[in-house]
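Read off the chains here:
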Amino acid sequence: GQQLNQSPQSMFIQEGEDVSMNCTSSSIFNTWLWYKQDPGEGPVLLIALYKAGELTSNGRLTAQFGITRKDSFLNISASIPSDVGIYFCAGLISGSTLGRLYFGRGTQLTVWP
Amino acid sequence: EPEVTQTPSHQVTQMGQEVILRCVPISNHLYFYWYRQILGQKVEFLVSFYNNEISEKSEIFDDQFSVERPDGSNFTLKIRSTKLEDSAMYFCASRGTSGSGNEQFFGPGTRLTVL
Chain A
1 GQQLNQSPQS
11 MFIQEGEDVS
21 MNCTSSSIFN
31 TWLWYKQDPG
41 EGPVLLIALY
51 KAGELTSNGR
61 LTAQFGITRK
71 DSFLNISASI
81 PSDVGIYFCA
91 GLISGSTLGR
101 LYFGRGTQLT
111 VWP
Chain B
1 EPEVTQTPSH
11 QVTQMGQEVI
21 LRCVPISNHL
31 YFYWYRQILG
41 QKVEFLVSFY
51 NNEISEKSEI
61 FDDQFSVERP
71 DGSNFTLKIR
81 STKLEDSAMY
91 FCASRGTSGS
101 GNEQFFGPGT
111 RLTVL
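For the record, the sequence lines run as chains A and B.
Each residue of the first sequence is one higher than the last, beginning at 1 in the numbering used here.
Each residue of the second sequence is one higher than the last, beginning at 1 in the numbering used here.
Honestly, I wouldn't trust all of these hints.
Distance ranges between label pairs, derived from CB positions [said to hold, decoys possible]:
| id | chain 1 | residue 1 | chain 2 | residue 2 | range |
| --- | --- | --- | --- | --- | --- |
| 1 | B | Asn52 | A | Ile80 | 37 to 47 Å |
| 2 | B | Asn51 | A | Ala52 | 28 to 38 Å |
| 3 | A | Ser26 | B | Glu53 | 24 to 34 Å |
| 4 | A | Ile28 | B | Asp62 | 42 to 52 Å |
| 5 | A | Asn5 | B | Ser55 | 25 to 35 Å |
| 6 | B | Ser9 | A | Val84 | 35 to 45 Å |
| 7 | A | Val84 | B | Val12 | 44 to 54 Å |
| 8 | A | Ser27 | B | Gln41 | 16 to 26 Å |
| 9 | A | Ala78 | B | Asn51 | 13 to 23 Å |
| 10 | A | Gly16 | B | Glu53 | 16 to 26 Å |
| 11 | B | His10 | A | Thr110 | 32 to 42 Å |
Facing chain A, a subset of chain B residues (Cβ under 8 Å, in silico) [as the list claims (entries may be wrong)]:
| id | residue |
| --- | --- |
| 12 | Arg22 |
| 13 | Val43 |
| 14 | Ser48 |
| 15 | Asn52 |
| 16 | Glu53 |
| 17 | Phe61 |
| 18 | Asp63 |
| 19 | Phe65 |
| 20 | Pro70 |
| 21 | Phe91 |
| 22 | Phe105 |
| 23 | Pro108 |
It should be emphasised that the hints constitute simulated quantities derived from the structure, not laboratory data.
Computed from a predicted structure; not experimentally measured.
Glycine residues also receive a C-beta, built at the ideal position from the N, C-alpha and C atoms.
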């Protein structure tokens, strides 16, 4: 199956710092989605991207759809303790209309006060 | 705000038993999905469902699995004879109409433990 390489696997940062994580794929995607998952809960959608080069913000979160359509990154500015959790990228392969999402392995974010 | 709901939140069963996991998707959504997440691993696609039939399934979704939309609101996943390796979190997700984008909204999950 498709592999999404998400990095870093984990991050330990101080409150107030900025964070960046990214995903790369060997296939062309037509949609990139970023989710956050808290322990024992379902993934919560943060940002959706649909066009190559698109840059979208949601509060302190900014995500971009890579020009090659094979990558995406997520930035979190001025991190706060409630940003703690696992962040997943997910993508929809170009040409797919049925909506099967492929997920990265996640980035575990820890924020120290 | 509308959300996907799932019941039960936790299901414990004996190996070989049948389980049914239930989901109520967002009410005006048309596309429905089941995913699973083994502890500590990534989320994996199982099956998609549209217009009252399966539209795609993964290699995980073998003959032991089935899905059904028995009425206008519920969407179920049945595992006929559970195995130890079926232990995982199972997430239901739904998506709106084709014109509303590819955003999938996930439920809180059912933790399935097979003993």
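Okay, the hints, checked on the actual structure:
Distance hint check: the CB atoms of asparagine 52 (chain B) and isoleucine 80 (chain A) are about 44 Å apart, consistent with the given range 37 to 47 Å. Range check, asparagine 51 (chain B) to alanine 52 (chain A): Cβ separation about 30 Å, and the 28 to 38 Å hint holds. Between serine 26 (chain A) and glutamate 53 (chain B) the Cβ separation comes to about 30 Å, which falls inside the hinted range of 24 to 34 Å. As the Cβ distance of isoleucine 28 (chain A) to aspartate 62 (chain B) is approximately 29 Å, the hint placing it in 42 to 52 Å is violated.
Taking 25 to 35 Å as the suggested C-beta distance range, the pair asparagine 5 (chain A) and serine 55 (chain B) conforms, at roughly 27 Å. Roughly 22 Å separates the CB atoms of serine 9 (chain B) and valine 84 (chain A), a value that falls outside the hinted 35 to 45 Å. For valine 84 (chain A) paired with valine 12 (chain B), a C-beta distance near 29 Å fails the hint of 44 to 54 Å. Between serine 27 (chain A) and glutamine 41 (chain B) the Cβ separation comes to about 21 Å, which falls inside the hinted range of 16 to 26 Å.
Our hint of 13 to 23 Å for alanine 78 (chain A) and asparagine 51 (chain B) is violated, since their Cβ atoms are close to 45 Å apart. Roughly 51 Å separates the CB atoms of glycine 16 (chain A) and glutamate 53 (chain B), a value that falls outside the hinted 16 to 26 Å. About 26 Å separates the C-beta atoms of histidine 10 (chain B) and threonine 110 (chain A), a value inconsistent with the hinted range of 32 to 42 Å. Look at arginine 22 (chain B): its Cβ only gets to about 15 Å from chain A, farther than 8 Å, so that hint breaks.
A distance limit of 8 Å between C-beta atoms decides the matter here; for valine 43 (chain B) the minimum to chain A is near 4 Å, and the interface restraint holds. Restraint check, serine 48 (chain B) versus chain A: the minimum CB separation of about 5 Å is within 8 Å; hint holds. A least Cβ separation of about 15 Å between asparagine 52 (chain B) and chain A goes past the 8 Å threshold, and the interface hint is therefore violated. At its closest, the beta carbon of glutamate 53 (chain B) sits 11 Å from a beta carbon of chain A; the interface hint therefore is violated under the 8 Å criterion.
Proximity of phenylalanine 61 (chain B) to chain A is violated relative to the hint, the smallest CB-CB distance being about 11 Å (cut-off 8 Å). Against a cut-off of 8 Å between C-beta atoms, the interface hint on aspartate 63 (chain B) is violated, since the closest Cβ of chain A lies about 20 Å away. About 15 Å separates the beta-carbon of phenylalanine 65 (chain B) from the nearest beta-carbon of chain A, more than 8 Å, and the hint is not met. Below 8 Å, beta-carbon pairs count as interface contacts, and proline 70 (chain B) has none with chain A, the closest being about 22 Å; its hint is therefore violated.
Here the hint on phenylalanine 91 (chain B) is kept, as its CB sits about 5 Å from the closest CB of chain A, short of 8 Å. Given the 8 Å rule on beta carbons, the hint for phenylalanine 105 (chain B) holds: about 6 Å separates it from the nearest Cβ of chain A. Taken as an interface hint, proline 108 (chain B) checks out: its beta carbon lies about 5 Å from the nearest beta carbon of chain A, inside 8 Å.
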